Amino acid sequence: MDHEITLVVNGTARRARVPGRRLLSDCLRHDLGLTGTHVGCEHGVCGCCTVLLDGEPVRSCLTLAVTVDGREITTVEGLAGPDGLSPVQRAFEECHALQCGFCTPGFLCTVTALLRDNPAPADDEVLEGISGNLCRCTGYQNIVKAVHRAAELLAEETP
Amino acid sequence: MSTRLFGEPVRRREDRRLLTGRGRYVDDLGRDALAAAFVRSPHARARIRDIDVSAALDVEGLVAIYTWEDLPERVGRPLPLLIPHPALTHGRTAYPLARDVVRHVGEPVVMVVAADRYLAEDACALIQVDYEPLKPVVGLEEAALGARLVHDDVPGNVGARLVQEVPARDGRSAREAIEEAPHTLAFRLDVERSASMPLEGRGVHARWDGTDLRVHSSTQTSTSVRMAVAAALGLPLPHVEVIAPDVGGGFGVKIVHPWPEEILVPWAAMTLGREVKWTEDRREHFVSSAHERAQVQYVRVGFDDDGRVLGLDVTILHDHGAYTPYGIIVPIVTSTQLLGPYRIGAYRVEFSAIYTNTVQVTPYRGAGRPQGVFCMERTMDRIARHLAKDRTEVRRANFIEPDEFPYDQGMIFQDGRPLIYDSGDYPRMLAMLKELIGWDAFERRPGRGIGIGCYVEGTGVGPYEGGHVQVTSDGRVHVSTGLTSQGQGHETVFAQIAATELGVPIERISVVTGDTRRFGYAVGTFASRAAVVSGNAIALACRKVRAKALRIAADALEADPADLEITDGVVHVVGTPSASIPLATVAVLSNPLRYAFDDEAVRATQFAGASSPDRPPVAEGDEPGLEGRDYYSPIRSTFAAGMHAAIVETDPLTAEIRVVRYAVVHDCGRLVNPMIVEGQIHGGVAQGIGGALYERMVYDGDGQLLNASFMDFLMPYATEIPRIETAHLETPSPLNPLGVKGAGEAGVIPVSAVIASAVEDAEGITIDRMPISPSELFELRARHQGT
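Line by line, the protein sequences are chains E and G. Residue 1 is where the first sequence starts when you use this note's numbering, and the numbers rise one by one after that. Residue 1001 is where the second sequence starts when you use this note's numbering, and the numbers rise one by one after that.
It should be emphasised that the hints constitute simulated quantities derived from the structure, not laboratory data. One or more hints might be untrue.
[Claimed, not checked] Chain E side only, calculated, beta carbon under 8 Å to chain G, not exhaustive:
| id | residue |
| --- | --- |
| 1 | VAL8 |
| 2 | THR12 |
| 3 | ALA13 |
| 4 | ARG21 |
| 5 | THR35 |
| 6 | HIS43 |
| 7 | LEU98 |
| 8 | GLN99 |
| 9 | LEU134 |
| 10 | TYR140 |
| 11 | VAL144 |
| 12 | HIS148 |
| 13 | PRO159 |
[Stated by the list, open to error] Per label pair, the in silico range of CB-to-CB distance:
| id | chain 1 | residue 1 | chain 2 | residue 2 | range |
| --- | --- | --- | --- | --- | --- |
| 14 | G | ARG1017 | E | THR67 | 29 to 39 Å |
| 15 | E | PRO159 | G | ASP1712 | 26 to 36 Å |
| 16 | G | LYS1135 | E | THR67 | 18 to 28 Å |
| 17 | E | GLY84 | G | ARG1658 | 37 to 47 Å |
| 18 | E | PRO159 | G | HIS1728 | 51 to 61 Å |
| 19 | E | GLY33 | G | GLY1438 | 50 to 60 Å |
| 20 | E | GLY84 | G | GLY1701 | 54 to 64 Å |
| 21 | G | ARG1017 | E | ASP54 | 19 to 29 Å |
| 22 | G | ARG1017 | E | GLY70 | 23 to 33 Å |
| 23 | G | GLY1061 | E | PRO159 | 49 to 59 Å |
| 24 | G | VAL1698 | E | THR67 | 57 to 67 Å |
| 25 | E | GLY70 | G | ASP1712 | 34 to 44 Å |
| 26 | G | TYR1118 | E | GLY84 | 31 to 41 Å |
| 27 | G | GLU1141 | E | GLY84 | 52 to 62 Å |
[To be verified] Quick list of in silico lysine to aspartate or glutamate cross-link-like pairs, DMTMM-like style, CA-CA up to 20 Å:
| id | chain 1 | residue 1 | chain 2 | residue 2 |
| --- | --- | --- | --- | --- |
| 28 | E | LYS145 | E | GLU125 |
| 29 | G | LYS1548 | G | GLU1443 |
| 30 | E | LYS145 | G | ASP1070 |
| 31 | G | LYS1548 | G | ASP1560 |
| 32 | E | LYS145 | G | GLU1725 |
| 33 | G | LYS1135 | G | ASP1152 |
Bear in mind the structure is a predicted one, so any value in this text is a computation, not a measurement. Glycine included, each C-beta is placed from N, C-alpha and C at the ideal position.
Start from the sequences and build out the full structure, keeping to the hints where you can.
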């Protein structure tokens, strides 16, 4: 049996008709056409599918779409503001913190939430903060650098 | 702005789309496509007695079910053996769908096509395959005994056996040199399996419009997939296009082609007249793609009092898994690149490529080099310990000297050409590394050790790549090359090369890779070859375009082409900036058809001289348009090199191994973009640390892969990777116009050797197998104390 659900995705209410077993990741990608959220393992380990659910990072591959009916979801497509890339996105670009880009949307969502909760994280807090996301390309060094750089950019922009 | 961008850390032009969720990976395409899913063998070795699909027929949304018997003859043939070799006397490849027997867990048996992936998997679950399980061949040494066979017609499970011998200068064989050496050592080394494990698995999307087939594949070689698909489906090549869109990492596994799914999905799309897509899931990737690394090496070495190697004799058992679609490239690379930066007195290497009932083995980043380097570097450390010498001193004594290049190692390399190193400066590199890590000042204590590893990497193998460059009448430059990208930043580095060659701002340059609609002849992305082979091809194509632009501009400006240069997209007379013409206008002038569609065409009329009625508008030997195509075909590989050192600490109680510092000195010739090269090194080292400390494929005696998930196959997170300190040496390659060597695989190659060296130093216990887990180190300690 299909269910009518409404997700508020990146500020816009989106309706979908999904079976109960539909994963949130599949719903976002295939029902709503938001393919920026990626699926790397479908068992909640790699973090590629991380989105923000009411502001908190969750694994969309471990979440059934019907369980988040009515909730607010931010995907990578919703991170940039009207003026262009968000500070986290800009920092990733500046620090060469991505190569193939497949894990990047998950990192961007994770780091966005991390810096909101802890605007000036220490080195070990950055490592801890991104330790639920796998990257096979970068060796993480430039991602760590980008998190610190994003913190700087955010601080510069905060009046 | 400056257009001399070669060598600059230019920010990546790929990033904007990838950061905003606008990348296009295969699974992002074909929203309305039917979905394919596969029934895969749960047994490592079995006969298929019967396949009963009846229970699946009622699944809502089911479109088709195919077994091997349903495939037409061409489609159902065994997959091609890509790289034959005379030593590969018993090469074997799989059928796209299993025919009568299965030879590893995960081998595809049935293809299901349905309205979506959920429904396709529902149908898969209801298909009953009746197997007669057979005791499988698991474990390299057991397989080599040949008691049971993976392929009934391959005696001893030996797919290939190859001996290569390089005698000493006085003609003695390696074995003679070892017998007569003042010192000899003999030992065994083991390396376990790992895998490329890109975060995006494989994937294929196909669309057939009745005449033309368009395939998107997450591949490292779209041009060869195209040829394979055209041949299997009996289509004329011009009616098949294959595109590698954004690809979420490759690291070797996606160079194999055609994968069964790359034939079956397009065939289903043609047969059904519908778009069909298959997206590999993670478990499928573990059990049905490819692994690498596993070898057992038996080493004998003879050396003098200074530690100089007089003779080296290595016998390798190489685990090839169930099939050899990519030939014996991996063990050939191991046996040749084992020599590293050293000048070895005499060398004998023999390998046997052994079949086992496990996932097939094809190149993974490094492609056999990590094992070869592990062998040679463990050997150097043992020699140093035997002679009570510093480990760097022994290496220094064996280096090829800077004045000995080109240096002929006397062997045949993976490309079938002589193993001749083009350039390098190994003593200087070692000095730089010792300085960077602080080798001489290092204070050793129990639980804290330092290690080193050196390697040479043949990069940029042929046979060729091409580049096409077109300047359109809006002044934009469109560059294409046939090889593919999986995150290396080719759109950026190739644009840097074009900007530098043409004198055009990089903002006006766009680059397309891996799209057969744009460039049809290519080999692919592997063997650290893109910058070398495509980079030089694009530079040569740019030079053709530049020469043509100068000729046309000289005509228009009534100047000598030798007096012209291009700056910021404008051709001008040197010293007379007012005498100038934009490249956009030159592009218009290059085409005698002058419809005034745009401002440039209108502007061009002021330059158009009277054409001679006695000559054709397009002169003989000329072509309309400002574009050029050229190829670069290297005579031999270029040889990059690197040396790594690490400091590790081991926990006295838990035996946990922590990498405290990691230093890299790297030489890939001239750097096109140092930021990107460093990124490649970081990523390679991280994969190397994974292979040294965490990653292995755990098969049980029944041939079941016990850790086929990211929960159990331990890839490093940020918490496991130290900060990597890098320094660069630039020894240009004399072999190509840009002086570049490849960099893609460099980081991963020596890491297992380096970590083994450091752990051995910290513990005082011989380390002869990789990876090494805390439990293994704990047990080694217990055994060591017991003796």
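Taking the hints in turn, this is what the structure says about them:
For the restraint placing VAL8 (chain E) at the interface with chain G, the shortest Cβ-Cβ distance is roughly 17 Å, beyond the 8 Å limit, so the hint is violated. Checking THR12 (chain E) against chain G by beta carbon gives a least distance of about 15 Å; that is not within 8 Å, so the hint is violated. Here the hint on ALA13 (chain E) is broken, as its CB sits about 19 Å from the closest CB of chain G, past 8 Å. Below 8 Å, beta-carbon pairs count as interface contacts, and ARG21 (chain E) has one with chain G at about 7 Å; its hint therefore holds.
Taking 8 Å as the C-beta contact cut-off toward chain G, the hint placing THR35 (chain E) at the interface holds, the least distance being around 4 Å. Interface hint status for HIS43 (chain E): upheld, as the beta-carbon distance to the closest one in chain G is roughly 6 Å, under 8 Å. For LEU98 (chain E), the interface hint holds, the least distance from its beta-carbon to any beta-carbon of chain G being 6 Å, beneath 8 Å. Against a cut-off of 8 Å between C-beta atoms, the interface hint on GLN99 (chain E) holds, since the closest Cβ of chain G lies about 4 Å away.
Because the beta carbon of LEU134 (chain E) sits about 6 Å from the nearest beta carbon in chain G, less than 8 Å, this interface hint is met. Satisfaction of the interface hint for TYR140 (chain E) is found here, the shortest Cβ-Cβ separation to chain G being roughly 4 Å, below the 8 Å cut-off. About 6 Å separates the beta-carbon of VAL144 (chain E) from the nearest beta-carbon of chain G, less than 8 Å, and the hint is met. Among the interface hints, the one on HIS148 (chain E) is violated; its C-beta lies about 12 Å from the nearest C-beta in chain G, farther than the 8 Å criterion.
A least Cβ separation of about 25 Å between PRO159 (chain E) and chain G goes past the 8 Å threshold, and the interface hint is therefore violated. At roughly 31 Å, the beta-carbon separation of ARG1017 (chain G) and THR67 (chain E) lies within the given 29 to 39 Å, and the hint holds. The supplied range of 26 to 36 Å is broken by PRO159 (chain E) and ASP1712 (chain G), whose beta-carbon atoms lie about 48 Å from each other. Here the CB-CB span from LYS1135 (chain G) to THR67 (chain E) is close to 46 Å, at odds with the stated 18 to 28 Å.
Taking the beta carbon of each, GLY84 (chain E) and ARG1658 (chain G) are about 40 Å apart, inside 37 to 47 Å as hinted. Look at PRO159 (chain E) against HIS1728 (chain G): about 42 Å separates their beta carbons, and that is not inside 51 to 61 Å. Remark: the range hint 50 to 60 Å for GLY33 (chain E) to GLY1438 (chain G) is upheld by a beta-carbon distance near 54 Å. As the Cβ distance of GLY84 (chain E) to GLY1701 (chain G) is approximately 57 Å, the hint placing it in 54 to 64 Å holds.
Restraint check, ARG1017 (chain G) to ASP54 (chain E): a C-beta distance of roughly 28 Å satisfies the suggested window 19 to 29 Å. Between ARG1017 (chain G) and GLY70 (chain E) the Cβ separation comes to about 31 Å, which falls inside the hinted range of 23 to 33 Å. At roughly 55 Å, the beta carbons of GLY1061 (chain G) and PRO159 (chain E) sit within the given window of 49 to 59 Å. Here the CB-CB span from VAL1698 (chain G) to THR67 (chain E) is close to 34 Å, at odds with the stated 57 to 67 Å.
In this structure the supplied range 34 to 44 Å holds for GLY70 (chain E) paired with ASP1712 (chain G), their Cβ-Cβ distance being about 36 Å. For the pair TYR1118 (chain G) and GLY84 (chain E), the beta carbons lie near 38 Å from each other, so the given range of 31 to 41 Å is met. Restraint check, GLU1141 (chain G) to GLY84 (chain E): a C-beta distance of roughly 59 Å satisfies the suggested window 52 to 62 Å. The suggested pairing of LYS145 (chain E) with GLU125 (chain E) holds, with an alpha-carbon distance near 13 Å, which does not exceed 20 Å.
For the hint linking LYS1548 (chain G) to GLU1443 (chain G), the alpha-carbon distance of about 63 Å lies beyond 20 Å, and the restraint is violated. For the hint pairing LYS145 (chain E) with ASP1070 (chain G), the CA-to-CA distance comes to about 54 Å; that exceeds 20 Å, so the pair is violated. Restraint check: the Cα-Cα separation between LYS1548 (chain G) and ASP1560 (chain G) comes to about 13 Å, which is no more than 20 Å; the hinted pair holds. Distance restraint check for LYS145 (chain E) and GLU1725 (chain G): the Cα-Cα separation of roughly 14 Å lies within the 20 Å cut-off, and the hinted pair is therefore satisfied.
This hinted pair checks out: LYS1135 (chain G) and ASP1152 (chain G) have alpha carbons roughly 13 Å apart, not beyond 20 Å.
In terms of the numbered hints stated before, the structure departs from hints 1, 2, 3, 12, 13, 15, 16, 18, 24, 29, 30, listed from lowest to highest.
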